[in-house]
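With the hints as extra help, turn the sequences into a complete structure.
Residue numbers (our numbering): 1 to 264.
Quick list of the computed label-pair ranges, beta carbon to beta carbon:
id, residue 1, residue 2, range
1, S263, A167, 31 to 41 Å
2, S8, D215, 33 to 43 Å
3, D166, S8, 40 to 50 Å
4, A172, D215, 37 to 47 Å
5, G184, E255, 35 to 45 Å
6, S263, S8, 18 to 28 Å
7, T57, P259, 38 to 48 Å
8, D256, E12, 32 to 42 Å
9, N50, T7, 34 to 44 Å
10, T7, A172, 35 to 45 Å
11, I187, G24, 20 to 30 Å
12, A27, G108, 25 to 35 Å
Below, in silico cross-link-like pairs of lysine-lysine (DSBU-like), each with a Cα-Cα straight-line distance of 30 Å or less:
id, residue 1, residue 2
13, K23, K35
14, K155, K53
15, K252, K155
16, K53, K35
Honestly, the hints are just simulated from the structure, not real lab data. Please read these numbers as outputs of a predicted model, since none were measured by experiment. Beta carbons are placed, not taken as given, at the ideal position from N, Cα and C, and that holds for glycine.
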Amino acid sequence: MAYPLVTSSQIECYQRDGVVLIKGLFADQVEALRKGVQRNMDQPGPYASNNDKPGETGLFFDDYCNWQRIPEFETAIRNSAAAEVGAALMQSETAQLFHDHVLVKEPGTSMATPWHQDGPYYFVEGRQTVSFWSPLDPVTDATLRCVAGSHLWEKPVLPTRWAKGDAFFDPAPYQPVPDPDAEGMDIREWQMEPGDAVAFHYGILHGARGNTASDRRRAFSLRLVGDDARYVARPGPTSPPFPGHDMVPGQKLREDWFPVLWSS
Numbered sequence: 001m002a003y004p005l006v007t008s009s010q011i012e013c014y015q016r017d018g019v020v021l022i023k024g025l026f027a028d029q030v031e032a033l034r035k036g037v038q039r040n041m042d043q044p045g046p047y048a049s050n051n052d053k054p055g056e057t058g059l060f061f062d063d064y065c066n067w068q069r070i071p072e073f074e075t076a077i078r079n080s081a082a083a084e085v086g087a088a089l090m091q092s093e094t095a096q097l098f099h100d101h102v103l104v105k106e107p108g109t110s111m112a113t114p115w116h117q118d119g120p121y122y123f124v125e126g127r128q129t130v131s132f133w134s135p136l137d138p139v140t141d142a143t144l145r146c147v148a149g150s151h152l153w154e155k156p157v158l159p160t161r162w163a164k165g166d167a168f169f170d171p172a173p174y175q176p177v178p179d180p181d182a183e184g185m186d187i188r189e190w191q192m193e194p195g196d197a198v199a200f201h202y203g204i205l206h207g208a209r210g211n212t213a214s215d216r217r218r219a220f221s222l223r224l225v226g227d228d229a230r231y232v233a234r235p236g237p238t239s240p241p242f243p244g245h246d247m248v249p250g251q252k253l254r255e256d257w258f259p260v261l262w263s264s
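Here's what the structure looks like:
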C-alpha cells in the first residue's frame, strides 16, 4: 500500500513509538481553523469547559464534537490530508472520524494539561487509532508532550477529571497516573509552527504545560480510528458520551455518526 503523503520512516516511528511529528499537515487550513475556534468559543457546545481550578490563572478552554455545527471544522477535516495520513500511520485500509477537539490556553494560563491517555475515556478500542494535535499558533513550552512507547503498556492509566482531579472510573483496573518527568520517561516534544501536527495513538500518555507566554495557544485536534476499532462498554459514562448511539460491544462505529473519511 503506497502513501505519498507520509514516509515509511514516519510510519515505522508511529508503529514503534506511538507518536510522530507531521510537518505542515493542516497548514492550508490554519486560517479557517482559527475562525472556527473563535466561533466555537463564541458559541460553546454542551461539553465546553473552562477547566476552572482553584489557584490557577488564565483561561484553559476546551470543547469537542462540534464539526457538524462549525463549518470551518468540517471543511478542514474533509479537505486536509489528515485522513489519508492517518490511515497510513495506522496501517489501515480506512480512516473513520471519531471526534474533533479544541483546546485553547490564553496567555498567562498556569494550568497544565494533566498526563493522561485518551483511550480509557473512550468507548472504542483497537490497535488502529490516531489523534492529530495541531497548534494554530507557534508553540514552544506549551507544546504537546508524549511518552514514547506508552501505547504498549500492559495496564492503562487511570482516567481522571482534569479540573477536579478525581477518578473517572473505579481505579482498580488501572495504573496510577505516573510522573514522566520525575521517572525519566522518554518524552517527545517539539517546537511547532501553525499547521504542524503531532500524531499519536490513543494509548499514548500525553500532556502539556501551562501557557506562560504572551501569546495564545490554540490547538485543533482530530481523532480517527481504523479498520479494527470496535465499540466497547465502559463502567460509566465515557468522554465524549455520544448519548443515544445504540451501539453494542464488538460493533464497528456506526458510519452515519462517525463517517469514513478515507478508504483505499
